[in-house]
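Fit chain B to the given chain A structure using the hints.
Keeping their order, the protein sequence lines are chains A and B.
Be aware that the first sequence starts at 1, since it is given in the numbering used here, and climbs by one per residue.
Be aware that the second sequence starts at 1001, since it is given in the numbering used here, and climbs by one per residue.
To be clear, the hints were calculated from the coordinates, so they are not data collected in a lab.
Some clues are possibly wrong.
Sample of chain B residues facing chain A (criterion: CB under 7 Å; computed from the structure) [as the list claims (entries may be wrong)]:
no., residue
1, 1011
2, 1019
3, 1022
4, 1102
5, 1188
6, 1189
7, 1192
8, 1193
9, 1212
Don't be surprised by glycine CBs; every beta carbon is placed ideally from N, CA and C.
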Amino acid sequence: MLFVEFRFFWFFLAVFCVYWSLRENRSRKIWLLLCSYVFYAAWNWKFLFLLMGSSALDYFVGRMLARTEDPRARRSWLLLSLGANLGTLAVFKYFNFFVTSAATFLAWLGLPASVHTLNIILPVGISFYTFHSMSYTIDVYRGKMRAISSLLDVAAFIGFFPQMVAGPIVRASTFLPQLRTLRKFSEVDVRGALVLFLTGFIKKACIADSLAPFVDRYFAAPGSFTAGSAWVAITFYSIQVYCDFSGYTDMAIASARLLGYELPVNFNFPFFARSMSDFWHRWHISLSSWLRDYLFIPLGGSRGPRWFVYRNIMITMLLGGLWHGAAWTTVIWGGLLGLALVVQRKWQHWTEHGKQARNWTRWLGWALTMYWFCLALMVFRALNLPDAFVAVRSFALFRSEGAQDLGAWMLWIVVALGIVHWMNFRGTFANWWRRAPDPVFAVAYGCAAATVFLFIPPHYTPFIYFQF
Amino acid sequence: MNKRLTYRFVCVALGLGALLTTSFIYRALLPPSLPEGVAEKLEFFAKHKDEFDTLFLGSSRFYYAISPEGFDQLTRENGVPTRAFNFGIDGMNPPETFYVLEQILKTEPRSLKWIFVEVDNIETKSHLKILGTRRLLYWHDWPRTALTLKKAINPRPSTTWYQRLNRLWTARRELILHLGLFEKQFTNVGRAVDFFSSWNESRSLKWDLLLGPKGDGYRLAGAPMTPERAEHFRRKLAEEVSASGSEFIDPYAESAYRECATRIRRFGAAPIFVVAPGIFQSPLRFRESPPPAPLLVFNDSKTYPQLYDTKVRVDEQHLTNEGAAEFTRLLALEFVRHARQP
Chain A
1 MLFVEFRFFW FFLAVFCVYW SLRENRSRKI WLLLCSYVFY AAWNWKFLFL
51 LMGSSALDYF VGRMLARTED PRARRSWLLL SLGANLGTLA VFKYFNFFVT
101 SAATFLAWLG LPASVHTLNI ILPVGISFYT FHSMSYTIDV YRGKMRAISS
151 LLDVAAFIGF FPQMVAGPIV RASTFLPQLR TLRKFSEVDV RGALVLFLTG
201 FIKKACIADS LAPFVDRYFA APGSFTAGSA WVAITFYSIQ VYCDFSGYTD
251 MAIASARLLG YELPVNFNFP FFARSMSDFW HRWHISLSSW LRDYLFIPLG
301 GSRGPRWFVY RNIMITMLLG GLWHGAAWTT VIWGGLLGLA LVVQRKWQHW
351 TEHGKQARNW TRWLGWALTM YWFCLALMVF RALNLPDAFV AVRSFALFRS
401 EGAQDLGAWM LWIVVALGIV HWMNFRGTFA NWWRRAPDPV FAVAYGCAAA
451 TVFLFIPPHY TPFIYFQF
Chain B
1001 MNKRLTYRFV CVALGLGALL TTSFIYRALL PPSLPEGVAE KLEFFAKHKD
1051 EFDTLFLGSS RFYYAISPEG FDQLTRENGV PTRAFNFGID GMNPPETFYV
1101 LEQILKTEPR SLKWIFVEVD NIETKSHLKI LGTRRLLYWH DWPRTALTLK
1151 KAINPRPSTT WYQRLNRLWT ARRELILHLG LFEKQFTNVG RAVDFFSSWN
1201 ESRSLKWDLL LGPKGDGYRL AGAPMTPERA EHFRRKLAEE VSASGSEFID
1251 PYAESAYREC ATRIRRFGAA PIFVVAPGIF QSPLRFRESP PPAPLLVFND
1301 SKTYPQLYDT KVRVDEQHLT NEGAAEFTRL LALEFVRHAR QP
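Extracted from the complex, chain A is given alone in its bound form (with noise of 0.2 Å):
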């Protein structure tokens, strides 16, 4: 089920509908928990066990945490919990991916090698849940919260339907403490939740999903593809990953708005990013801070050598690229983004005292940024190394042997659309609908949405961050 399609509005019509009718919080609780395996069933009811498995481990381990202050027992139930999620992921996401490289390796060396791999689907959402899950145990051992008593609010944290599948990566600190208290109707912004799901919808459907069909034209052959078609089709994938992702963002956030929790901001205008630090600190930022928290800080974060401090945000992105997919392709991607980190810290040393310089590196560092992350993502969406070599070289070299050509007058698109995101930047469109009275919002909500509708195309395009 996705939220753009119809039977979303009918599930989510029957949900808010009974939530707000129940008066206790632990009925609430329990008819979310319901729905939210619903809501993951419809997809495939044979992988809510895991889940289900997942939350009652985390549970557990969190409840023993809780009993020991003996350090040695502590880290082994937090290894456990640890080794129990990445594990998870290890066989569902990346066995056939270390299987088939390790092969690969082993051929290079001359030593064929018969592998097996494992003929599995990967489970909607595993990538976020498992990090949901693991925030709560590290929490918990790193004393940032206490262990919680009910297995039901950890479950309906894991499980909470409007973030499981793609996120945002929300806390267990920042989410548990809303699940315990009771919500009042009153203090839910209606207005502002129905905006942002409308703005994530055509963010999705009517942007992303026109977009699709010239980036999936341009990737399926790179090479047959002039140099200029290399640039338009990666701006489009930019805009498609940006309006895919946080469109569903947007509409996540809304949908548990108005059931009264609050998730965190994902997306925060990384198009006007001005460094590559900064723009982690608006793309994705619930999967960066995630990072930063759990892996690059542990690590050593920035103290110590600097090329300590280099190895740890290479490993950091490395890790980051392997999340996205099981495959070379974001391996490096995470890589490349790591590197321009890198780069960007060592630029800072040297211009550390010419605050002169730094002044007109702005438009560069902006100029920069952009045209690295769409060199990254290049690699990221082709769909194999020798494609990615293609595509790199027609964008970065402006080299391509193919004929065929996307138009170079779609990037008008781009300016447009360009356009538009500035002015909301600049908030232009911020909060003027909140002065209407509720009735004539309400008619102007529905006029609006009767004028989208119109301009999605009737073929639905999944979720790009599903497939993570």
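Showing chain B alone in chain A's frame:
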């Protein structure tokens, strides 16, 4: 508290009302969104509507099997001259057939006298998805959707409540599919995209391909089947013949065909129902006698062995050009016989 609740309900009702009204206005303003294959034929027919008095409306079993030119020649020779057009469309089954018929009649063709409609059961299965979203979407107005839903649930009068519930559960995929398509159709999903893309493409370029070499809607079929396939066909046909028996058309299709016949008559034309020579060997019959229109049944290899010779068949459902010529001849003769009856 009650006042506040009422106020919220009023706001929700206003929002929904605005959504429905706006959707309704857009529907009225925008041209109908027809998929490729249907749009070209309808557009061509609308331009030449008064030139034709006979129409063949059905699936690819009509599209590749009835030559209007051959049909007209035979009817002329037998003293019942016609000017026919083949409105066969790949994969068109009821209720899509009924929707297309309605669109044809909306063009108000003044000369139309005979409409041959292919008879088949109503298709509800989700494998219809292979036709593509746009093709599935356009005919999902409420009468057609309701017909499909009824067929999918099939609530027989004697069934108990739990049997009905079980039917609902079994048919859930079809229900979700068709209700979703109805919602999309009603809310004009993608209509602006269609409208803008129609500016860029010229349908007349596709006319040559879709309307066939003579421009009468008949498209030439492929080559006869390979020896291996022919062997398989003979085996399957033998199985079908041994299992054959007279079979009733499903009750929802029957009532829809009756309605269709009434509609055609009201328009001033005469309906003729045809069962095409597919591999399925049980002749479809209507429950209530007499049938709503003359019923010409060709899926009988004993009566029409020449249509089941592997040399004239492309596959289980389709005929070669040679087979099409023979089927056209048989159909024309049956028609003449029928037309001459007082």
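Against the structure, the hints:
Because the beta carbon of residue 1011/B sits about 4 Å from the nearest beta carbon in chain A, less than 7 Å, this interface hint is met. Interface hint at residue 1019/B: satisfied, since its Cβ lies 4 Å from the closest Cβ of chain A, which is below the 7 Å cut-off. Here the hint on residue 1022/B is kept, as its CB sits about 4 Å from the closest CB of chain A, short of 7 Å. Restraint check, residue 1102/B versus chain A: the minimum CB separation of about 21 Å is more than 7 Å; hint violated.
Against a cut-off of 7 Å between C-beta atoms, the interface hint on residue 1188/B holds, since the closest Cβ of chain A lies about 5 Å away. For residue 1189/B, the interface hint holds, the least distance from its beta-carbon to any beta-carbon of chain A being 5 Å, beneath 7 Å. At about 4 Å, the closest approach between the beta carbon of residue 1192/B and any beta carbon in chain A falls short of 7 Å, and the interface hint on this residue holds. With a cut of 7 Å, the hint placing residue 1193/B at the interface with chain A holds, because the nearest CB-to-CB distance is about 6 Å.
Violation of the interface hint for residue 1212/B is found here, the shortest Cβ-Cβ separation to chain A being roughly 28 Å, above the 7 Å cut-off.
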